[in-house]
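Colleague: Each chain is listed here by its residues.
Protein chains: 4
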Amino acid sequence: MTVPAEQLQEFLLQQFPQGDRFGTLLRSGDGWAEMSLEVGDEHLRPGGTVSGPTLMALADVALYAALLSRIGLVPLAVTNNLNINFLSKPVAGQPIIAYARMLRVGRTLGVGEVYLHSSGKEDPVAHATMTYSIPSR
Amino acid sequence: MTVPAEQLQEFLLQQFPQGDRFGTLLRSGDGWAEMSLEVGDEHLRPGGTVSGPTLMALADVALYAALLSRIGLVPLAVTNNLNINFLSKPVAGQPIIAYARMLRVGRTLGVGEVYLHSSGKEDPVAHATMTYSIPSR
Amino acid sequence: MTVPAEQLQEFLLQQFPQGDRFGTLLRSGDGWAEMSLEVGDEHLRPGGTVSGPTLMALADVALYAALLSRIGLVPLAVTNNLNINFLSKPVAGQPIIAYARMLRVGRTLGVGEVYLHSSGKEDPVAHATMTYSIPSR
Amino acid sequence: MTVPAEQLQEFLLQQFPQGDRFGTLLRSGDGWAEMSLEVGDEHLRPGGTVSGPTLMALADVALYAALLSRIGLVPLAVTNNLNINFLSKPVAGQPIIAYARMLRVGRTLGVGEVYLHSSGKEDPVAHATMTYSIPSR
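Residue numbers (this note's numbering), protein chains in the order written: chain E, 1 to 137; chain D, 1001 to 1137; chain P, 2001 to 2137; chain A, 3001 to 3137.
Isolated chain E (complex conformation) (with noise of 0.2 Å):
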C-alpha cells in the first residue's frame, strides 16, 4: 500500500499541529518521502547556521512521513533510536531538503535513513538513521 502524498501531507498537519514549522512535504512514495524546511530566526543557532535540533527535528518528521507512506496513516508509531552524523554547515538563507527512505518495514520494527542537504547542494548537511516500533494492525 502506499498512501497519496496529499493525504499523507494532511494527517502530518493534524499529528503535528505545530509542525509547518518542520517542513512541507514534496514528495512522497511507498517508503519515501521528501520534505523542505523553510530556515527562519528560531532554527538558527550562534553564527547564523542552523541548529543541530532544528534538522534532528527535520530528519524525525521526514522518516516518519516516509515509513506512513509505506504502513498507512497510523498515529502511534514511536521512534526506538535516532542516530545523526553532523557532515558540513548549512548554507545560509537556503532552505533544507530531506530525502528519506525506509531500508525495513517489518511486523513490528521499522529502519530508515534521511539525507539532509541545503537546498541547491549536492553535499548532505547530515544523515541521519532511525528506528520504529510499529504498533500491532
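The set of hints was computed from the structure by calculation and includes no laboratory data.
Chain E regions said to be covered by chain A (calculated; three or more residues, Cβ under 8 Å):
| # | region |
| --- | --- |
| 1 | 83-89 |
| 2 | 111-124 |
| 3 | 127-134 |
Residues of chain A clear of chain E, computed beta-carbon distances all greater than 12 Å:
| # | residue |
| --- | --- |
| 4 | GLN3007 |
| 5 | GLU3010 |
| 6 | PHE3022 |
| 7 | ILE3071 |
| 8 | ALA3077 |
| 9 | VAL3078 |
| 10 | GLN3094 |
Beta carbons: idealized from backbone N, C-alpha and C, even for Gly.
Place chains D, P and A on chain E using the hints.
Modeller: Same frame as chain E, but now just chains D, P and A:
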C-alpha cells in the same frame, strides 16, 4: 579547569537566546551538568507526551554545558554525532531532568552521555551519547 | 527474576562455542553483567592495540548476558542496533573489562549500555549502547 | 586522488594479516569500496546465521577501504564511532557483500555509510555509519 555554574549559565543564555526554552542549569561541575526543562505546549507531540525533538534538544544543550564546564567557555565546539535511545514515556506535567557527563575530553574530540528522566522518577525516559569536535585552543 | 551467574555462564558457553574467546563472565546480577577478555594476538590490530571489532564483540556478549540475567535464558533475543564510541587506546597486554547494564527491559524491547576499560584503569576505552528485540514469552 | 584497487587490496592485507577472513576487495573508486565475505563456521552464531560481530567487522574494513581510496594509504586513521542497524537475517551459505561509501571526508574527520546484503539479494541485512579521525598529513 572547572567553570563555575553561574558563569556557565550566563554563557548558555547568550549562546542560545531561545535557549531558556531548553532548560535551566541546575548544577554543574568538572565535566558534568544537570539541567531541568519545564514542559510547555510547544514541547508536546500528539497524545500529550514530550516530543522526541524536545528530548534531543535538551540532551544537546546539557552535554554542551558538561563539555564547556571542562574546556571553558569556548563558543565553537560543534556536535559531530548524536545517538539517542527513547526508553519510556515521560510523565505528563513533570519537568524533564537531564544529567550529562563527559566520558572523554581529548585535545580535539569530546564524548559524553546524557540520562533524561521525568522529575521524581528514577527510570530514564531517554539516554543519549554525543561526540564533539573541539576547536584548537 | 534473576538468573544465577553460574547458569548464565554455562548458557553463554553453549550459545557461543567460540565464545570463550569473547570473555569470561566475572559477575552478574539483575540486569547487569561484568565480563573480562584476555587479549590474544587474534584480537590485535596493526600497531598492537585491541581491534575495534574485538571491543564490539565483547560489548555484544556482555550486554546479552546482562539482558539474559533479567529475562531468563531465552536464546532468541536479537540485536537491532549497536552504537559504539571509541574513547582511548587500550593498554597493551591488559585484559579488557566490560561492565554492561540494562537501561530498560520492556515486553518486546531491551536497551542497555556497556563501559569497556583496560583492567586496572578507570578511564573507559569505549562505550556502547545496544537495543534488542525480545521474543514473545 | 584515487588509490587503484590493486594497491588498496595489498595495503589492506598488510594492515590486517588476519584480514582476508574479513573480506576480499571486489571493486573500489574515489571514496567507495565493495567487499565480499565468504561465510565460514567461525562467522556463524547459534542458529546458523552470520553473527553480528562478523557483520560489524566487515562494515569496519569496507568503510576503511572506502576512506583510504580517497585519502591515500595512511595507516593511522582511527574509528571514533560506529552505529549499525541489523535489518534481516542473512541467507545461509551465501557470501555477504558490503558496499561502503564516504559521505564526507574533511581535513580531520571522515564519515561514511555501509550497506551489507547477502549475495544475490537486494534487501540489506544491515546498514552502518561510521566516523573516523584522520591524522594530519
